[in-house]
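Asker: Could you put the whole structure together from the sequences, leaning on the hints where they help?
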Amino acid sequence: MTAYTPDPSAHVLDANLGLSAERARAGAHAKEQRHPRAVAPFRLWLLGLVFFGLFCVIGGKIFHLAVIAEARGPLKVIEYVLDGPADEHQRSRIQDRRGRILADNVYRKAAYADPKKIQDLEATLQGLAEIFPTLDMDDLRRRLSNKNRSFVYIKRGLTPKEEQAVWNLGEPGLEFLAEQHRVYPKGNLTAHVVGFNDIDTVGRAGVEAYFDPSLQQGVAPLELSIDVGIQHIVAEELAATIEEFEAPAGAAILLDANTSEVLSLVSLPDYDPYNPGAQSQAQLRNRATFETYELGSVFKVFTVAAALESGAVREDEEIDVTGPLQIGPHTIKDFKPYNGKMDPKTILSKSSNIGSAKLALRVGNRAQKRFLSSLGLLTHAEIEVQEVSAPKYPSNWRKTQTITISYGHGIAASPLQVANAFAAVVNGGIYRPATLVKRDPTAPLHDGNRVISEQTSIKVRKMLDHVVREGTGGNAGAEGYRVGGKTGTADKPSRGAYNEDARIATFLGAFPIEDPKYVLLVMVDEPLPQEYTYGYATGGWVAAPAFKRIVERTAPILGIEQILPAEESD
Amino acid sequence: MTHVTRSDTSLVGRWWWTVDRTTIGIVLVLLAFGALLSFSASPAMAERLNLEAFFFVKRHLVFLVPSVILLFGLSLFSPVWIWRLCLLGVVGGFAGMILTLQIGEAVKGAERWIDLGIIKIQPSEFMKPAFFVISAWLFALDRRMGQRWALPMNAAMLTSMIALLVLQKDLGQSILFASVWGIQLFLAGYPLKWMFGLAGTGIAGLFSAYTFMPHVRRRINEFYAPDGDHYQINRAAQAFNDGGWLGVGPGEGKVKNAIPDVHNDFIFSVLGEEFGLMACIGVLLVYTLLVLRGIGQAVRFDSLFTSLVALGVICQLGLQALINMASTLALIPTKGMTLPFLSYGGSSLLSLAVSIGIFLAVTRRRSRQESFL
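Protein sequences appear in the order of chains A and B.
Last residue of the first sequence? That's 570 in the numbering used here, and every number before it is there in order.
Last residue of the second sequence? That's 943 in the numbering used here, and every number before it is there in order.
Computed Cβ-Cβ distance ranges for the label pairs, DEER-style: (1) A/R149 - B/I902: 36 to 42 Å; (2) A/F151 - B/F766: 53 to 59 Å; (3) A/K117 - B/P820: 26 to 32 Å; (4) A/G48 - B/L776: 23 to 29 Å; (5) B/I902 - A/N275: 53 to 59 Å; (6) B/R789 - A/R141: 45 to 51 Å; (7) A/F151 - B/W815: 38 to 44 Å; (8) A/R98 - B/N804: 34 to 40 Å.
Derived BS3-like pairs (lysine-lysine); straight-line CA-CA distance at most 27 Å: (9) A/K116 - B/K628; (10) A/K116 - B/K824; (11) B/K905 - A/K61; (12) B/K824 - A/K61; (13) A/K438 - A/K186; (14) B/K628 - A/K117; (15) B/K824 - A/K117.
Worth flagging that the hints you see were computed from the coordinates, not collected in a lab.
Ideal placement from N, C-alpha and C gives every residue a C-beta, glycine not left out.
Answerer: Rendered as structure tokens:
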């Protein structure tokens, strides 16, 4: 089928189409060189220009995308990229208040299989059994035999050696996936605050669970109010105390008295955030925020504050504390019975239950309830961890309850809530809910709720100073620092009655007491009396010394000025 | 072609001295780019379909051979022979398309393919060049010979073509057919107001497509919805962005893993990501050159028929490239249209070879006696 050579059939075709006339016309035309255009030049130019213009638009758009435009926002992770998903889907880091990392991400390889692609099932299973002796081979065989599936996890969190060994099996059906994995550089130390994630990187405890949705967004690191350095000291001292008094557990909290930021939150025993499944319930229980305790005499601080604020008692008024006090079927006794009168300061420093009861009766049960409610002690805390529980108190709050609650029995709250309430009483009278999130130091402090007047707060501080100088809190007297606080020793309720051999020993105080910057609570659960404590396992003997050591070690870091011995003696 | 002298009057010799060698050069450059990109983009697609990695690369290269043979073979024909073949082609093509409606195999939601065993062909692809040859002939008949029946005939041909394409849910191709037909009408020297009439009809047609064709409505709504599914075009935009001036390097791109069918409709984004802005501008320049050179070459002879044939096929290529690039760049809603010579696609490659072959055939230098219409 030749084409270009003159074609006899073309003539016929031309004739049919009436082309002969055209041919004749063309032949009649002038010179060969100057071809007249069959199409108007204007229209050709227009066509050319339009095309040129459109190509320029395309070029401009590419230039814009490639050079000018900002990179696009997060894009979906591509599942078949094996060398690690793109950065955009990282879970947010968690940092302490000084930017030290508490939780971060690494990628770990997971081996999976595509059953459709497996060439030799038996050899694969045998090879895998050698690499992972603990794998359930029967289960794996069943899952890998199912050709309807295209994704079967073999093992997650491979070590590089294991990964290489799986590679070396040379089985095309075995593939790898990089998975996000959370690391906790401070391990147990911050476990109760930070919490942990499950294998799919979903927060299951602590702030990891509380902030899970926003951490998933991966926008900015989450800055906590915790200071790891302080946390370390507090944990170390608490652990030492727990060991010393052969106690099973304890908790300690260090709060900024004004902002209510939590600088340290320790609950012992703690747990390994990498392996929460293998930990005991005792380890996983957050004793600072989740467990509620009847903390005993520390509540007398609230009773005295309420009495002074309401005008039910004057600062120098003496009250008869001769016991025992008989209220209906109940007999109220003091730990060290005392006959005579006491002013409120002494009621605190001698920790008189009878004095406290009488003050509460003067305040009245409604005002008492209202006051404790304003201190946040009757509703669950708004702290940013998953593990929070509501305080427990009697629904039937009458005279008897008013009395017992005045010295901290019959009301159980988490140590964090009690410390938070105490901060409001000593900081000048403003309640601000405790938080684990670092506050922007440049932002104005939020107003909070005034619970008592500045004057009342100052009076209470003086009394707390007295407790440490003269009273039950003597062991809390840190050297070089003025501290004030209150001891608490409570028998643990057990089966409807109080167990006199199982106590909660607490010391709750503030420093420096003349203008409190920090509030510290130390609580030891069921300490055993030691010989050198003369058989006592009270707040004053157990928790106060730990309080003292913590203040002595943390105050320099926190920038509290030391006072000279001469100054102190006056 | 070692020594082809002017005096060589053999078939090859005459061909060599009469054919437009610049266009051949441009097309070869584009084909080379296409082969290069197939190495980059196709393995990702092949792996997704559980095929051997170079499955599509091999197919692409295998299709290059018949394509090039077809291209050169067709360019040997005289315009009259081209006309004969295309007349057959159009009749056969219409038959094929009607057949597709009966037995066609749906590929990704559109019934456009006939399975011939070795290759699935898309009759409308092959119809394109033949169609524009016949429409050019009908325009020329009307303008030059005053054949009254030619224009209504031409319009009827376009209408039935569009009707068939709409039945196959292929709106992109019907826009292409209508546009090229309109360009031919414009170039044939009809009054300008006719153009406005045609444009108005086109807009009305598009509007009714939006109203009556759900898949069209969905695509267009998605394109304009700020929260629509813009995964593919966002991904493509990201690819250009990642590529920057010089690209991330051959084979280093990620977009091919993210967009299904990247070796086909989104091949331009692979070029942008792996070879960068400079390569994209380069390819764009080559296309511009092809179109402008084509327009210049098309009117070498005072034959309305051959001029319109050459302009028609060259505009078809140009428009196809523009539509593909514009949808990759999110300037227009996505259309299932290939990027000439660069996209993978046996059917598309063969069809392009036919187009260029026809272009070369009708623009070859020829003696005055052989002018037509």
